[in-house]
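Kindly generate the complete structure, drawing on both the sequences and the hints.
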Amino acid sequence: MIIDKISRYLANKPLIRAKLLLYILLALLVAHPSPSSAQSVFDLSITPPVAFLRVRPGTSATHIVTLENTGQTALTLKPKFVDFIPNQGKAIPQAELTFSYLDLPTQGFAAVTLPPGRKSQLSIKVTPPRDAIEKEYYLTILFESVLPQNETAAIPNTNNSTNVLPSIGSNLIVLVSQTDQDTNLSITEFGIGPIVDSFRPINFSPSITNQSIQATSASGSAKLINWHGDSIYEQNIMPMVVLGQETRKLYGANLDETSTNPDGILTPIEFIFTPKFLLGPYQLEIELINPDLSTQKFQQAFFALPISVLFIGLIFGLTQLAWYLLKSRT
Amino acid sequence: MRLNHKKTAHWRWIFVLALTQLIILPSFFVNQVLAENLESDSYIIQFGNFNITSGEKSGDTYTVTDTVGQSFAGPYGEYGVSNYFLGSGFQYIYQIKPFRFVISNTNINLGLLTAQAHNTAAHTLLVNAPNAGGYTIYTYEAHPLQTIDGSNAIPDTTCDNNDCDETVAALWQDTTVGGFGFNVQGADVASDFISSDHFRQFANKAATSPVEPMEAIMSTTSAAFERQSTVTYKAGLSGSEAAGRYQTSVIYVAVPGY
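Chains U and C, in that order, give the protein sequences.
Going by this note's numbering, 6 is the number at position 6 of the first sequence; the sequence numbering is gapless.
Going by this note's numbering, 120 is the number at position 120 of the second sequence; the sequence numbering is gapless.
Fair warning: there could be bad hints in the mix.
Residues of chain U clear of chain C, computed beta-carbon distances all greater than 10 Å [stated by the list, open to error]:
hint	residue
1	D182
2	P194
3	N203
4	S205
5	Q211
6	W227
7	I232
8	L326
Taking lysine-lysine pairs in the DSS-like style, the calculated list, with each CA pair at most 30 Å apart, reads [as the list claims (entries may be wrong)]:
hint	chain 1	residue 1	chain 2	residue 2
9	U	K297	U	K223
10	C	K97	U	K119
11	U	K80	C	K97
12	U	K249	U	K223
13	U	K13	C	K97
14	U	K119	U	K80
15	C	K205	C	K234
16	C	K97	U	K78
17	U	K276	U	K135
18	U	K78	U	K125
19	U	K249	U	K135
20	U	K80	U	K135
21	U	K297	U	K249
22	U	K125	U	K135
23	U	K135	U	K78
24	C	K97	U	K135
25	U	K297	U	K327
26	U	K78	C	K205
27	U	K276	U	K249
28	C	K234	U	K125
29	U	K78	U	K13
30	C	K234	U	K249
31	U	K80	U	K13
Residues from chain U shown here face chain C by an in silico Cβ test under 7 Å; the list is partial [claimed, not checked]:
hint	residue
32	L44
33	S45
34	I46
35	N159
36	N160
37	T162
38	V164
39	L165
40	I168
Because the hints were derived from the structure by calculation, they are not lab data.
Computed from a predicted structure; not experimentally measured.
Where a beta carbon is used, it is the ideal one built from N, C-alpha and C, also for glycine.
In structure tokens form, the structure reads like this:
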């Protein structure tokens with residue numbers, strides 16, 4: 001009835017008809033953006049960024065990665081598993097996957113489309129055989145965006161263009177082992193010489209090595225102790241994960257309260273102590289806190305000497321010696 | 001009168017059809033982008049909203065995170081139970097918080113290139129990496145800018161003094177020097193992008209001798225919140241290129257640290 005009334009009314013109002021038609025067309029255009037502009041913004045979240053999974057040989061374990069399209073446009077994604085090479089806390093994804101204990105589909109993963117605001121989970125099973133080598137393996141699960149066939153249609157044919165294809169990764173560290181391995185962290189390098197200059201800042205850069213095959217965390221503190229046994233410098237160690245058999249450089253932890261994070265963030269800083277004057281024997285002590293909260297200490301002794309004064313004295317002494325030798329010859 | 005009635009009927013159908021389109025078409029388009037649930041014995045890609053039991057427990061001097069379920073546990077233990085990350089009086093490694101990567105525009109239009117001129121286009125990158133290991137963004141190109149049939153190409157820039165490549169940026173201001181390159185300015189950006197006039201080549205995935213691995217352009221090893229940078233693409237002709245439409249794909253790989 002209402003439609004009949006509106007239709008009768010419109011039949012005698014050509015201008016309003018034309019306007020209405022225009023509004024409808026515009027509304028349709030706005031309501032249905034062209035496919036070519038549909039993927040212009042990429043906004044994707046992945047959880048967890050890093051996961052640690054221990055699997056006994058001959059058993060299986062499941063790992064789940066959750067994706068969330070946090071943007072306003074649908075994203076077409078394709079999962080891909082690759083190795084990563086660890087390098088001082090950075091994961092460097094490789095082109096291929098050598099880890100052979102994943103139950104991957106033989107035909108590969110199909111691309112899937114994740115609508116805006118939606119979450120998805122990828123569940124993957126790790127099944128090492130009974131005779132699998134006990135070792136830690138490093139994988140990155142990449143979700144690569146796939147270019148729709150008509151994506152380039154948005155750019156005029158006469159123009160030059162670049163399609164941007166983003167990928168996001170989640171790291172998976174898999175320990176294939178029958179048991180939890182014992183923690184075995186040690187300071188393999190203190191990064192300080194046996195003699196330091198009394199007048200210059202003391203800078204040291206220790207390295208930590210995980211002798212075990214399983215990842216663990218390193219935290220604790222670094223101290224400089226004088227010959228009275230008093231601590232003259234103390235700095236918390238930046239907590240970090242040290243993978244199996246990995247050696248990492250240690251940093252001090254600095255709380256950066258200027259960050260956009262309301263609680264501030266910890267940022268790594270070099271270990272630098274600027275004293276007024278040091279003289280005599282000192283010790284660098286690094287205390288590591290084990291996962292069971294027990295501690296272990298590593299110490300390195302060094303001497304603080306006024307090297308510049310000694311150098312001037314040495315030059316003076318050598319000059320005197322040379323003068324004496326010359327004088328005795330003549 | 002009959003004509004008027006015909007007119008009315010005609011417009012009634014147009015009106016009904018338009019309304020139908022407005023109501024039905026959006027759901028049709030939504031259906032087109034709806035994801036499929038993929039499942040096999042070894043994997044499932046499942047869509048929906050999930051409530052994963054997790055959270056933070058605050059103390060006076062620290063915050064611990066915990067989750068229910070094995071997949072989000074810390075290094076081979078459960079958060080808040082094994083104390084794996086309780087170091088120096090505070091816990092700060094938020095492994096369960098999401099890692100987010102945003103690119104403001106994935107269609108880069110460099111316009112119509114002409115000799116003796118450089119065309120530019122830009123987009124922003126944004127990263128949220130609350131986990132302690134930070135993040136790295138790598139990039140590479142599928143191939144240099146080339147025509148669709150691959151018969152002609154605009155080579156990657158070597159900058160004003162022939163001193164930039166995919167690993168190091170250099171000054172590129174001279175419009176007589178053609179090529180294709182990019183600059184990045186902002187947070188956690190590689191140190192060789194000294195100014196907005198310093199450009200690098202993209203690592204070329206198609207290169208075989210030598211192979212060019214993807215290169216890091218943004219990186220930090222500590223937690224990162226809302227870290228943003230701007231990538232500027234630049235292209236120019238040296239004068240010898242054939243007319244045509246040149247294109248390539250640039251790939252960004254955002255990975256968390258550990």
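query = With d taken as the least Cβ-Cβ distance between N203 (chain U) and chain C, does d exceed 10 Å?
reply = holds (19 Å)
message = Given the hinted pair K249 (chain U) and K135 (chain U), is their Cα-Cα distance within 30 Å?
response = holds (23 Å)
key: Agreement of K78 (chain U) and K13 (chain U) with the hint, judged by alpha carbon distance not exceeding 30 Å   = violated (53 Å)
message = What's the verdict on K276 (chain U) and K135 (chain U), does the C-alpha distance respect the 30 Å limit or exceed it?
response = violated (49 Å)
query = Are the Cα positions of K119 (chain U) and K80 (chain U) separated by 30 Å at most?
reply = Since the Cα atoms of K119 (chain U) and K80 (chain U) sit roughly 18 Å apart, the hinted pair holds (cutoff 30 Å).
ask   = Hey, K97 (chain C) versus K78 (chain U), does the alpha-carbon distance stay inside 30 Å?
value = Satisfied, since the Cα-Cα distance of roughly 22 Å is no more than 30 Å.
Straight-line alpha-carbon gap K276 (chain U) to K249 (chain U), limit 30 Å = holds (27 Å)
message = Would the hint linking K78 (chain U) and K205 (chain C) be met if the CA-CA limit is 30 Å?
response = It holds: about 19 Å lies between the C-alpha atoms, which stays within 30 Å.
inquiry  = For a C-alpha distance cap of 30 Å, please report whether K135 (chain U) and K78 (chain U) respect it.
reply    = holds (28 Å)
message = Tell me if the straight-line CA distance from K97 (chain C) to K135 (chain U) falls inside 30 Å.
response = holds (27 Å)
Outside-interface status for S205 (chain U) - nearest CB in chain C farther than 10 Å = holds (14 Å)
task = Starting from K205 (chain C), check that the Cα of K234 (chain C) is at most 30 Å away, please.
result = Within the cut-off at roughly 19 Å; holds.
The structure fails hints 13, 17, 25, 28, 29, 30, 31 (numbered hints given earlier, in ascending order).
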